[in-house]
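Visitor: The primary structure of each chain is shown beneath.
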Amino acid sequence: MSNLVATLYQLIEASESSHFRCGIILVSCKDLSVEGLETVKRDLAHNSSKEEAHYAFDQNTQVLSIFLKHQKLSDTHFHALLVKDYLQNANLLAGSLLIASFEECTRATGQLLRSMHHAVMELAGVGEIKLFDPQAEDAGDSAASILLVNHDEAVNEFLSIYLERKGYQVIVANDGVDGVQKYQEMTPDLVITDLNLPIMNGYQMIERIKHSDAERGSKIVILTDKRLEEDVKKSFALGASDYITKPFSPVELAARVKRLIS
Amino acid sequence: METPLSFAVYFLYFICGVTVLGLILLLALKLRHIAADKQEKTCLEKYKDYFIYLQAYGEEEERLKLPPGNLTRREKQIIQKKLFELLERFTGIHRQKLIVLCVDMGLEELDLNRMNSWWKWTKIDAAFNLGMMRSGKAVEGLLHLLKKSDFDSTIFIIARAIAKCARSEKDLRQMVELLAAHRKNCHQLIVDILGDSHLDTGPLLVSFLKEEDADLIKIGLIGLSSHAQPNMDPILHELVDSADKEVRIKVVKLLCRDVRYLTDKNVNLFMTHPDWELRSIMAKAIGALGLSQYIPLLKRAVKDPHWWVAHNSTNSLAQLQVEGFMALCAIMEEEKDSRVREMAHQVVQKELERGKHNLVDLDQQISYNQKLYFYQKWNRKSMKTVHALEK
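Residue numbers (full-length UniProt numbering), protein chains in the order written: chain A, 1 to 262; chain B, 1 to 391.
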């Protein structure tokens, strides 16, 4: 067990009786001396005085870990923003950040902590904040896949983040041709598509998909601002499973997606 | 002494000077625009992770946290733009959380202050922003601004903001009354604006029908065509005798949408009404609603002196299954007026042609065969008559 994992494990062991919620941030840093780590602790504690945080730095792998007591994933994520900003300004950031939260910190087993440690070292890029999902880690590589075909970048960005948080694997296409191509490459469990798409419109894309893969038959959800009953009728006639108009409730969309995929 | 030539030279210098100044001004504006664009991109990049955080935790119970660090006014405005992009696309808890975040960031306060600006466009921009944030605090100010504004396109921006922010039916009523006071024919747009409110506008629309003001009545009638309300018959029947012809037409259109309002008395009343528009609407509705008991009325109405009434009556007969079709054949056989006969003939031909391509359903197939049988029977009979006359 690496020093870092051991330290985190000790922290969890020490407070096992309380069964509290906790958040963990792991980040690849440049070399930190003991004094350097103390400065980081002091400055970050000054920036976010509310949270009770414990810091540890692994010299071998150069990973800084921050253990946050009583923090939900959203709070941990927000804390990670502060950490990233601070390390970036102090020119200490060497890689990306990995965050996780446990409903009861005793669920953070040694195995999961080791997986997190490995994952943070393998993360590409600098300054990216990635979520570590302990449940997905337990379930293995069985996440349902969703192909998102929409010309609206804001909707694409939001749904990618939102549905990935829900545990789905999301792939984005910006137009109908791209949508068909990505569908053929990945054959997703579900397609969420707009009807107004450049190059090849939504109807044409659905026809292509249904024609090319009649046996597998992925479920199709229409997410569009077209409200005419003619469009609804045509979409269902082409084989759509659901029809949602914009503006939409993401909670409702997630519920419909869950029903269709399950 | 000034000669015309030297005057022309000075004038040319002046024109050149003005042109150069104009070009400098254009260049400055362009550079300013580029700088603002660059600043926006930098700011969005800086807060990229924060936006991911916002989008990932929109349905959690706790409030969304404010962006880290101290924000400049410009940064606040750029973030506001991004938040509005999201606000427009979502409903439910995600929208609510983003609105609360806007308030927490002080954006609502900022725009409430901008409403007091001397510049009209600053006020309009602030009104738009407050509407996006559904700010209840802004309603009074927005109503005041709407009252003071002249009639141009900006009043609809303000009105839409009021509809989004409205706390009660009273706010919406005030807004509609102020818009209607301009006496412009924009009733449909006002109804569309009312649709932006989160309040139930049904009772408000019904209350407009009891007003003296014909514009308010029209707004009520247009709105109710898509917001059906119960127990409206007494009010609508009073309005059938309105002095305003447009009101009469709209009322009958509304009544003809629902078969419950169409009693024998009403149908007879509308089919014999002095306004041809009303007769025409009623004739069309009989076919659309499939009221085959009124075939005799339609048979009489095909002789109506107004073309639209006759046209709608013939078409409605064609919609009333085999009985209606038989009535059309009877008109072709019995009617002396060649114009009426020709109109019925055209509709019969169209109906038979349409029936040929619509044979998927067994019921439709039977209906088409029956129509064809009656047509052929009528045709043979008329041919016999022709032959008899020839002999």
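FYI, nobody ran anything at the bench for these hints, they're computed from the structure. Check before you lean on any hint, since a few could be wrong.
Said to hold, decoys possible - Taking lysine-lysine pairs in the DSS-like style, the calculated list, with each CA pair at most 27 Å apart, reads:
1) B/K48 x A/K41
2) A/K72 x B/K97
3) A/K258 x A/K166
4) B/K253 x A/K226
5) A/K226 x A/K69
Unchecked claim - Partner residues aside, some chain A positions facing chain B, computed with beta carbon under 7 Å:
6) R21
7) A154
8) G167
9) S249
10) P250
Claimed, not checked - Beyond 10 Å from chain B on every Cβ pair, some chain A residues (computed):
11) F20
12) S28
13) L32
14) H46
15) K72
16) V251
Since the structure is predicted, the reported quantities are computational estimates derived from the model, not experimental observations. The beta-carbon is built from N, C-alpha and C at its ideal position, and this holds for glycine as well.
Visitor: Straight-line Cα separation of A/K72 and B/K97 no greater than 27 Å?
Guide: Answer holds: A/K72 to B/K97 is near 17 Å, not above 27 Å.
Visitor: May I ask you to check that A/S28 keeps its beta-carbon over 10 Å from the closest beta-carbon of chain B?
Guide: holds, 16 Å
Visitor: Between B/K48 and A/K41, does the CA-CA distance stay at or below 27 Å?
Guide: holds, 25 Å
Visitor: Go through the hint on A/A154 and say holds or violated, using the shortest Cβ distance to chain B against 7 Å.
Guide: Hint holds; A/A154 Cβ to chain B Cβ min 5 Å, cut 7 Å.
Visitor: For the hint on A/G167, just tell me whether its beta-carbon gets within less than 7 Å of chain B.
Guide: The hint is violated - A/G167 has no Cβ within 7 Å of chain B, the shortest such distance being about 13 Å.
Visitor: Hold the hint about A/P250 up to the distance rule: shortest CB distance to chain B must be less than 7 Å.
Guide: holds, 5 Å
Visitor: Measure nothing beyond the straight line between the CA atoms of A/K258 and A/K166; if it is 27 Å or shorter, mark the hint as holding.
Guide: holds, 10 Å
Visitor: Regarding the assertion that A/K72 does not contact chain B, is the least Cβ-Cβ distance greater than 10 Å?
Guide: violated, 7 Å
Visitor: Evaluate the condition: distance from the CB of A/F20 to the nearest CB of chain B exceeds 10 Å.
Guide: holds, 17 Å
Visitor: Does A/S249 pass the interface check with chain B, least Cβ-Cβ distance below 7 Å?
Guide: holds, 4 Å
Visitor: Does the structure keep A/K226 and A/K69 at a Cα separation of 27 Å or less?
Guide: Cα-Cα ~47 Å, so violated.
Visitor: Against the 27 Å threshold, does the CA-CA distance of B/K253 and A/K226 hold or violate the hint?
Guide: holds, 26 Å
Hints 5, 6, 8, 15, 16, counting from the list given before, are not met by this structure.
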